[in-house]
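If you're matching them up, the sequences are chains A and B in order.
Its first residue numbered 10, the first sequence is counted upward by one per residue in this note's numbering.
Its first residue numbered 37, the second sequence is counted upward by one per residue in this note's numbering.
Fair warning: there could be bad hints in the mix.
Stated by the list, open to error - Quick list of the computed label-pair ranges, beta carbon to beta carbon: (1) B:Arg78 - A:Ala239: 26 to 32 Å; (2) B:Asn39 - A:Ala332: 40 to 46 Å; (3) A:Tyr154 - B:Asp41: 44 to 50 Å; (4) A:Asp55 - B:Glu103: 24 to 30 Å; (5) A:Glu406 - B:Glu103: 53 to 59 Å; (6) A:Glu183 - B:Glu103: 47 to 53 Å; (7) B:Ser47 - A:Pro238: 24 to 30 Å.
For the record, the hints were derived by calculation from the structure and aren't laboratory data.
Yeah, the Cβ is synthetic: ideal placement off N, Cα and C, and Gly gets one too.
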Amino acid sequence: MPYTEYWNPKNETLPREQLQALQLRKLRRLCEWAYATTPFHQRKFDTVGFKPEQLKTLDDLRRIPIMTREEWMESLQEKPLFGDMLATDPNNAIRYHLTSGTTGRTPIRVLDGMKDWDWISEMWCYGLWGFGVRPEDIVYFAFGYGSFIGFWGAHYACEKIGSLVIPGGAQTTEARIMQIIEMGVTTVCSTPTYALHLWQKAKERGIDLAKESNVNKVILSGEPAGSIPAVKHQLEEAWGAKCGDTAGMTEIGTIMIFECSHQPGGTHIIEDHFIEEVLNPVNDGPAGYEELGERVVTSFGRGFIPLIRYRTKDMVMKVPASACSCGRTWDLYSGGIRGRWDDMKLIRGTNVYPRAVEAIIREYAAIDEFQIYIWRKEEVQDEITIKLEIKPGHEAEWVVLQQKLAKDLANAHEGLRFNIERVEYGVLPHFELKAKRLVDVRPVVQY
Amino acid sequence: MANTDTDLLGSRLTEQERELLNVYEALKKLASQDDLPPCAARNVRRALMSMWQATNDLDLQFEQLYEFGV
Numbered sequence: 010m011p012y013t014e015y016w017n018p019k020n021e022t023l024p025r026e027q028l029q030a031l032q033l034r035k036l037r038r039l040c041e042w043a044y045a046t047t048p049f050h051q052r053k054f055d056t057v058g059f060k061p062e063q064l065k066t067l068d069d070l071r072r073i074p075i076m077t078r079e080e081w082m083e084s085l086q087e088k089p090l091f092g093d094m095l096a097t098d099p100n101n102a103i104r105y106h107l108t109s110g111t112t113g114r115t116p117i118r119v120l121d122g123m124k125d126w127d128w129i130s131e132m133w134c135y136g137l138w139g140f141g142v143r144p145e146d147i148v149y150f151a152f153g154y155g156s157f158i159g160f161w162g163a164h165y166a167c168e169k170i171g172s173l174v175i176p177g178g179a180q181t182t183e184a185r186i187m188q189i190i191e192m193g194v195t196t197v198c199s200t201p202t203y204a205l206h207l208w209q210k211a212k213e214r215g216i217d218l219a220k221e222s223n224v225n226k227v228i229l230s231g232e233p234a235g236s237i238p239a240v241k242h243q244l245e246e247a248w249g250a251k252c253g254d255t256a257g258m259t260e261i262g263t264i265m266i267f268e269c270s271h272q273p274g275g276t277h278i279i280e281d282h283f284i285e286e287v288l289n290p291v292n293d294g295p296a297g298y299e300e301l302g303e304r305v306v307t308s309f310g311r312g313f314i315p316l317i318r319y320r321t322k323d324m325v326m327k328v329p330a331s332a333c334s335c336g337r338t339w340d341l342y343s344g345g346i347r348g349r350w351d352d353m354k355l356i357r358g359t360n361v362y363p364r365a366v367e368a369i370i371r372e373y374a375a376i377d378e379f380q381i382y383i384w385r386k387e388e389v390q391d392e393i394t395i396k397l398e399i400k401p402g403h404e405a406e407w408v409v410l411q412q413k414l415a416k417d418l419a420n421a422h423e424g425l426r427f428n429i430e431r432v433e434y435g436v437l438p439h440f441e442l443k444a445k446r447l448v449d450v451r452p453v454v455q456y
Numbered sequence: 037m038a039n040t041d042t043d044l045l046g047s048r049l050t051e052q053e054r055e056l057l058n059v060y061e062a063l064k065k066l067a068s069q070d071d072l073p074p075c076a077a078r079n080v081r082r083a084l085m086s087m088w089q090a091t092n093d094l095d096l097q098f099e100q101l102y103e104f105g106v
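Modelling step: build the complete structure from the supplied sequences, incorporating the hints.
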């Protein structure tokens, strides 16, 4: 029997009226669960007098207060390690992951139970199957497998699909290239930046991946570039393969959008497992189709940490399902995640908040002024460099400080490498008001 | 055995859906037994975890399983 195009034909083609009825039913149950089990949500709902039984239509969703990352961080700081957001005993967890925090060293820590962790891979199955991954595929993960959630879910999704999974793990880029060719890999999962880096390194060794590898699909995640036409075109030429974008976040543990094999220039929303609202970032009113707005997500998956109307700060533009020819009834984000409404930067898949970086730098009394300099190495790899001036009289501390600061910053950012560069005293601009210590010289994205 | 005739949208269950839901309910019943040997207890939970995905994807149930450690 030939494969169906959809992972879940029933819901991926469900008429929108029924899809919304399903979302309303799930939303009410999720709110009942969250209210009954988590002090965080009890407090939030009570503050505005919201009761789950008030959810009569999907429009009633707007009665629920919006949840912010700052509130989550406050909860974590007031009640370490997980705040008052856990809906069940931590002993029920089988998995721990984290993402970098908005301020200082405190990361956002998440726990998953058995079914939640499997649900995370289930969402990846929707996306991977939708882009054409099948049991016959040999899938390579160019991924470091740390406590950053990254491609963990995709790895287990490919096992579930029945593909042969090759975990790239801690190897050199050169070793990974050789493994991709030697093992006849058909699908590579990577950030866009690293996919370009792999191609460039292969080229330096005289290897043409488009001709010498069997790769026909590259699954991209972790950076917006996967939906930027110019980058995608470059990657598809380089690899001789179709490139598909996906996007997720540690806060929900998995992807909520994916590009299907029809490559419509956007990413479908997995609408039977998420409600994705797009709001006007100024007045929080709903944004219509083809209007830029802010993503606000409600997830029906991870029951351990219920996420209801979570403000993401992601910039998106929703378009109707009819914008794609695949037959799914799920709406899309045209151009995927287009950027941010706040100052968060994405460096090689890791969230970096300038405030958090500054809080760590300020712990070092020997540092006078600094600059967070974000740039692109050899046109493919995003880098973050902290340029800093040492206070006169503290020069002897530089060598130790350089190593320790790099380690502190990496520890607070899922192991991300920070370059630490000392500049002569007086070279950096000094500010009295409205300091601008962030300089991002990467090329501006074009949709 | 499943004690419902309809899915979350109120549509009648197909024969296939009923079978899936029956397997899911049977696994829940097994998971609630506290005298299974570890090899059975833990693998029943793994199976229940998987059946939750199938039955949830098909709109047959939407519930939490932490009481079973799943």
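Verification of the hints:
no. : hint                            : in the structure
1   : B:Arg78 - A:Ala239: 26 to 32 Å  : violated, 50 Å
2   : B:Asn39 - A:Ala332: 40 to 46 Å  : holds, 42 Å
3   : A:Tyr154 - B:Asp41: 44 to 50 Å  : holds, 45 Å
4   : A:Asp55 - B:Glu103: 24 to 30 Å  : holds, 26 Å
5   : A:Glu406 - B:Glu103: 53 to 59 Å : holds, 55 Å
6   : A:Glu183 - B:Glu103: 47 to 53 Å : holds, 50 Å
7   : B:Ser47 - A:Pro238: 24 to 30 Å  : violated, 41 Å
This entry does not satisfy hints 1, 7, going by the numbered hints stated previously.
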